[in-house]
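Using the sequences provided together with the hints, build the complete structure.
There are 2 protein chains.
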Amino acid sequence: MSVLVVGSLALDSIETPFGSVTDAVGGSAMYISAAASYFINPIRLVGVVGGDFPKEGFAFLEQRKIELEGLQVVKEGKTFRWSGRYHYERDTLSTDLNVFESFDPVIPDSYRKSRCVCLGNIDPVLQRKVLDQMEKPRVVICDTMNYWIDRKMKELRDTLRLINVLILNDSEARLLSREPNLIKAGRVIRGMGPSVVIVKKGEHGALLMTEQMVFSAPAYPMENIFDPTGAGDSFAGGFAGWLARTDDMSEENLKRAVIYGSTLASFCVERFGVEGISDLTYLQIQDRFREFKELSRFDED
Amino acid sequence: MSVLVVGSLALDSIETPFGSVTDAVGGSAMYISAAASYFINPIRLVGVVGGDFPKEGFAFLEQRKIELEGLQVVKEGKTFRWSGRYHYERDTLSTDLNVFESFDPVIPDSYRKSRCVCLGNIDPVLQRKVLDQMEKPRVVICDTMNYWIDRKMKELRDTLRLINVLILNDSEARLLSREPNLIKAGRVIRGMGPSVVIVKKGEHGALLMTEQMVFSAPAYPMENIFDPTGAGDSFAGGFAGWLARTDDMSEENLKRAVIYGSTLASFCVERFGVEGISDLTYLQIQDRFREFKELSRFDED
Chain R
1 MSVLVVGSLA LDSIETPFGS VTDAVGGSAM YISAAASYFI NPIRLVGVVG
51 GDFPKEGFAF LEQRKIELEG LQVVKEGKTF RWSGRYHYER DTLSTDLNVF
101 ESFDPVIPDS YRKSRCVCLG NIDPVLQRKV LDQMEKPRVV ICDTMNYWID
151 RKMKELRDTL RLINVLILND SEARLLSREP NLIKAGRVIR GMGPSVVIVK
201 KGEHGALLMT EQMVFSAPAY PMENIFDPTG AGDSFAGGFA GWLARTDDMS
251 EENLKRAVIY GSTLASFCVE RFGVEGISDL TYLQIQDRFR EFKELSRFDE
301 D
Chain A
1 MSVLVVGSLA LDSIETPFGS VTDAVGGSAM YISAAASYFI NPIRLVGVVG
51 GDFPKEGFAF LEQRKIELEG LQVVKEGKTF RWSGRYHYER DTLSTDLNVF
101 ESFDPVIPDS YRKSRCVCLG NIDPVLQRKV LDQMEKPRVV ICDTMNYWID
151 RKMKELRDTL RLINVLILND SEARLLSREP NLIKAGRVIR GMGPSVVIVK
201 KGEHGALLMT EQMVFSAPAY PMENIFDPTG AGDSFAGGFA GWLARTDDMS
251 EENLKRAVIY GSTLASFCVE RFGVEGISDL TYLQIQDRFR EFKELSRFDE
301 D
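Line order of the protein sequences matches chains R and A.
Under my numbering, the first residue of the first sequence is numbered 1, with each subsequent residue one higher.
Under my numbering, the first residue of the second sequence is numbered 1, with each subsequent residue one higher.
Mixed in with the good hints there might be a few duds.
Cut-off 20 Å, straight-line C-alpha distance, at most; resulting in silico cross-link-like pairs (EDC-like, lysine to aspartate or glutamate) [to be verified]:
{"hint": "1", "chain 1": "A", "residue 1": "Lys-293", "chain 2": "R", "residue 2": "Asp-279"}
{"hint": "2", "chain 1": "R", "residue 1": "Lys-75", "chain 2": "R", "residue 2": "Asp-52"}
{"hint": "3", "chain 1": "R", "residue 1": "Lys-129", "chain 2": "R", "residue 2": "Glu-101"}
{"hint": "4", "chain 1": "R", "residue 1": "Lys-255", "chain 2": "A", "residue 2": "Glu-300"}
{"hint": "5", "chain 1": "R", "residue 1": "Lys-293", "chain 2": "A", "residue 2": "Asp-170"}
{"hint": "6", "chain 1": "R", "residue 1": "Lys-201", "chain 2": "A", "residue 2": "Glu-211"}
{"hint": "7", "chain 1": "R", "residue 1": "Lys-184", "chain 2": "A", "residue 2": "Glu-223"}
{"hint": "8", "chain 1": "R", "residue 1": "Lys-255", "chain 2": "A", "residue 2": "Glu-89"}
{"hint": "9", "chain 1": "A", "residue 1": "Lys-201", "chain 2": "R", "residue 2": "Asp-170"}
{"hint": "10", "chain 1": "A", "residue 1": "Lys-201", "chain 2": "R", "residue 2": "Glu-179"}
{"hint": "11", "chain 1": "R", "residue 1": "Lys-65", "chain 2": "R", "residue 2": "Asp-279"}
{"hint": "12", "chain 1": "R", "residue 1": "Lys-293", "chain 2": "A", "residue 2": "Glu-251"}
{"hint": "13", "chain 1": "A", "residue 1": "Lys-255", "chain 2": "R", "residue 2": "Asp-104"}
{"hint": "14", "chain 1": "R", "residue 1": "Lys-255", "chain 2": "A", "residue 2": "Asp-299"}
{"hint": "15", "chain 1": "R", "residue 1": "Lys-293", "chain 2": "A", "residue 2": "Asp-279"}
{"hint": "16", "chain 1": "A", "residue 1": "Lys-184", "chain 2": "R", "residue 2": "Glu-89"}
{"hint": "17", "chain 1": "R", "residue 1": "Lys-255", "chain 2": "A", "residue 2": "Glu-252"}
{"hint": "18", "chain 1": "A", "residue 1": "Lys-255", "chain 2": "R", "residue 2": "Asp-301"}
{"hint": "19", "chain 1": "A", "residue 1": "Lys-255", "chain 2": "R", "residue 2": "Asp-299"}
{"hint": "20", "chain 1": "A", "residue 1": "Lys-255", "chain 2": "R", "residue 2": "Glu-291"}
{"hint": "21", "chain 1": "R", "residue 1": "Lys-293", "chain 2": "A", "residue 2": "Glu-89"}
{"hint": "22", "chain 1": "R", "residue 1": "Lys-293", "chain 2": "A", "residue 2": "Glu-252"}
{"hint": "23", "chain 1": "R", "residue 1": "Lys-293", "chain 2": "A", "residue 2": "Glu-211"}
{"hint": "24", "chain 1": "A", "residue 1": "Lys-201", "chain 2": "R", "residue 2": "Glu-101"}
{"hint": "25", "chain 1": "A", "residue 1": "Lys-293", "chain 2": "R", "residue 2": "Glu-101"}
{"hint": "26", "chain 1": "R", "residue 1": "Lys-201", "chain 2": "A", "residue 2": "Asp-279"}
{"hint": "27", "chain 1": "R", "residue 1": "Lys-152", "chain 2": "R", "residue 2": "Asp-104"}
{"hint": "28", "chain 1": "A", "residue 1": "Lys-184", "chain 2": "R", "residue 2": "Glu-291"}
{"hint": "29", "chain 1": "A", "residue 1": "Lys-184", "chain 2": "R", "residue 2": "Glu-270"}
{"hint": "30", "chain 1": "R", "residue 1": "Lys-201", "chain 2": "A", "residue 2": "Glu-223"}
{"hint": "31", "chain 1": "R", "residue 1": "Lys-255", "chain 2": "A", "residue 2": "Glu-291"}
{"hint": "32", "chain 1": "A", "residue 1": "Lys-255", "chain 2": "R", "residue 2": "Glu-300"}
{"hint": "33", "chain 1": "A", "residue 1": "Lys-55", "chain 2": "A", "residue 2": "Asp-279"}
Simulated coverage check for chain A against chain R, where a stretch passes if three residues somewhere in it have a Cβ under 8 Å from a Cβ of chain R [said to hold, decoys possible]:
{"hint": "34", "region": "199 to 206"}
{"hint": "35", "region": "213 to 222"}
If you're looking for bench data, these hints aren't it; they were derived computationally from the structure.
The beta carbon of each residue, even a glycine, is placed where N, CA and C say it ideally should be.
Next comes the structure, spelled out in structure tokens:
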């Protein structure tokens with residue numbers, strides 16, 4: 001199943017207790033497409049960068065065999081920049097939208113029949129615009145964040161009606177549903193459109209909720225989170241990649257997709273930026289998938 | 001395996017969004033022994049109540065076949081009283097130690113050879129005093145809380161050296177270890193004595209940590225927590241009861257014990273006070289155990 005990924009491409013400057021990087025290649029579309037690329041081809045990326053986007057960024061995408069026909073390069077513009085510092089929580093130090101501010105996602109004709117659409121965390125108006133250009137995708141997966149819930153609730157609600165799977169974190173789920181209880185929040189959000197809601201809970205794992213089922217995925221036990229940037233997007237990419245590879249939307253397979261998402265997220269945070277998901281082998285991914293299985297397995301006596 | 005339970009017996013006044021009760025029978029020893037009683041006999045209780053402890057309290061303990069030889073009744077005294085209100089968090093409204101203030105746990109001779117000792121959340125000095133009276137128990141399970149970590153760290157550290165299994169919640173684990181990361185916290189706390197650390201995370205389930213292994217237990221998905229009082233103690237009781245029933249300290253069996261603990265805690269919070277764990281059948285417990293299994297089960301493709 002072909003996968004369309006729309007989201008941000010960025011240059012991130014990150015400080016964590018373990019080190020720092022400046023202008024590292026990042027952005028939601030970068031992490032999503034790299035993570036998904038371990039499972040399926042083609043991955044088609046739609047996004048925008050400025051003339052300052054480094055050669056290494058393009059090289060990385062090409063190495064991961066991401067199709068770039070939909071990547072807009074604004075030569076005279078500057079790439080979206082984000083800088084942040086992690087201690088126990090995250091502080092955003094600065095956000096410069098640059099070329100991303102006037103991003104108009106144009107889906108190349110050859111991309112319009114992509115069967116799996118993965119909408120990174122961007123303005124819900126743009127997410128909607130992407131969907132308007134698509135021809136009956138089989139599954140639409142969408143990420144969002146508190147920024148849009150706070151500022152564009154109406155537009156987000158409009159987009160949610162067109163979504164099959166919404167991925168968000170626990171505080172965003174509470175904010176969107178106005179329900180502190182996550183199980184109730186899942187039900188309320190499913191009422192807004194998506195039949196599948198996935199709540200990411202960081203060190204506590206993730207919840208997958210459908211009408212019939214709640215699935216609780218464990219978190220990979222880590223003593224040190226080297227750099228949390230991109231973990232959520234890697235999750236979405238691993239999830240989407242597995243679904244696209246298998247073309248199977250059954251609840252059993254959605255569970256596996258959540259574990260593959262968690263697997264890619266766990267690799268992501270072990271190194272800085274996209275490094276953690278830059279050169280994995282399928283064997284490494286399989287091994288970690290099995291570690292996840294062992295983490296929550298128990299037998300009756 | 002015989003089980004000795006030492007802890008508080010209380011009269012609790014509780015307000016939750018779903019209702020309120022006044023002077024309901026409670027306390028850590030009450031919940032622990034009731035939960036454990038579904039798995040094993042005898043359960044031997046050591047604690048203290050005042051002359052005001054109601055007939056229903058004794059009747060409840062007798063109905064659950066708890067042995068009461070070690071229950072001190074101070075006729076002229078008043079039972080320990082706690083009152084609290086739950087909204088999203090918990091507010092303690094008042095705590096009156098009453099007879100509990102001068103509680104001196106005397107272990108009857110016939111109890112000293114109990115093979116499983118379960119120390120409810122009481123002063124670590126008293127916990128130590130209990131252990132001093134015991135003859136080589138096979139397993140010592142201990143609960144504690146922030147109150148003692150803040151006020152009696154030195155005494156708690158002394159007690160921890162004598163413990164096999166420490167059960168505490170996530171904020172307590174962080175406070176005790178001075179580590180925000182729970183996996184690291186588990187390792188630091190194991191360094192203080194207990195070879196097994198269980199971190200309860202409420203709606204996020206529980207972590208079981210040994211030298212070799214991390215096990216992630218899911219939380220039972222609930223839209224409404226009717227009354228959270230006693231959930232942690234019911235967890236400890238279910239855990240201890242299963243271990244005592246099976247006399248098997250293997251890692252596989254510790255995992256099952258965590259799920260039985262989670263099972264009893266989930267029943268506890270479905271009703272007010274001890275009601276939720278007052279008249280379960282073993283079949284109900286088995287059914288919920290299997291629901292827990294289904295919650296985190298996934299298969300490879």
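**Request:** With a cut-off of 20 Å on the C-alpha distance, tell me whether Lys-75 (chain R) and Asp-52 (chain R) pass.
**Result:** Judged against 20 Å, a Cα distance of about 8 Å means the pair holds.
**Request:** Assess, step by step, whether the Cα of Lys-293 (chain A) is no farther than 20 Å from the Cα of Glu-101 (chain R), and give holds or violated.
**Result:** Given that 20 Å is the threshold and the Cα spacing comes to 47 Å, the pair is violated.
**Item:** Pair hint Lys-201 (chain R) and Glu-223 (chain A), alpha-carbon separation not exceeding 20 Å
**Value:** This hinted pair holds, its Cα atoms lying about 17 Å apart.
**Pairwise hint evaluation, Asp-279 (chain R) against Lys-65 (chain R), where the allowed Cα distance is 20 Å at most** = Holds, at roughly 12 Å.
**Message:** Hint check: Lys-255 (chain R) vs Glu-291 (chain A), CA-CA at most 20 Å. Holds or violated?
**Reply:** Distance of about 16 Å is within 20 Å: holds.
**Item:** Pair hint Lys-255 (chain R) and Asp-299 (chain A), alpha-carbon separation not exceeding 20 Å
**Value:** Cα-Cα ~8 Å, so holds.
**Asked** Is the Cα-Cα distance between Lys-201 (chain A) and Asp-170 (chain R) 20 Å or less?
**Response** Satisfied, since the Cα-Cα distance of roughly 14 Å is no more than 20 Å.
**Item:** Pair hint outcome, Lys-201 (chain A) versus Glu-101 (chain R) [Cα-Cα no greater than 20 Å]
**Value:** Distance of about 41 Å is beyond 20 Å: violated.
**Asked** For the pair supplied as a hint, Lys-255 (chain A) and Glu-300 (chain R), is the alpha-carbon distance within the 20 Å limit?
**Response** Answer holds: Lys-255 (chain A) to Glu-300 (chain R) is near 10 Å, not above 20 Å.
**Message:** With the threshold set at 20 Å, check whether the alpha-carbon distance from Lys-293 (chain R) to Asp-279 (chain A) stays at or below it.
**Reply:** violated (35 Å)
**Asked** Does the alpha-carbon distance linking Lys-255 (chain A) and Asp-301 (chain R) stay inside the 20 Å limit?
**Response** Within the cut-off at roughly 11 Å; holds.
**Request:** Below or equal to 20 Å on CA atoms is what counts here, so check Lys-255 (chain R) against Glu-252 (chain A).
**Result:** Distance of about 24 Å is beyond 20 Å: violated.
The structure fails hints 1, 5, 6, 8, 13, 15, 17, 21, 24, 25, 26 (numbered hints given earlier, in ascending order).
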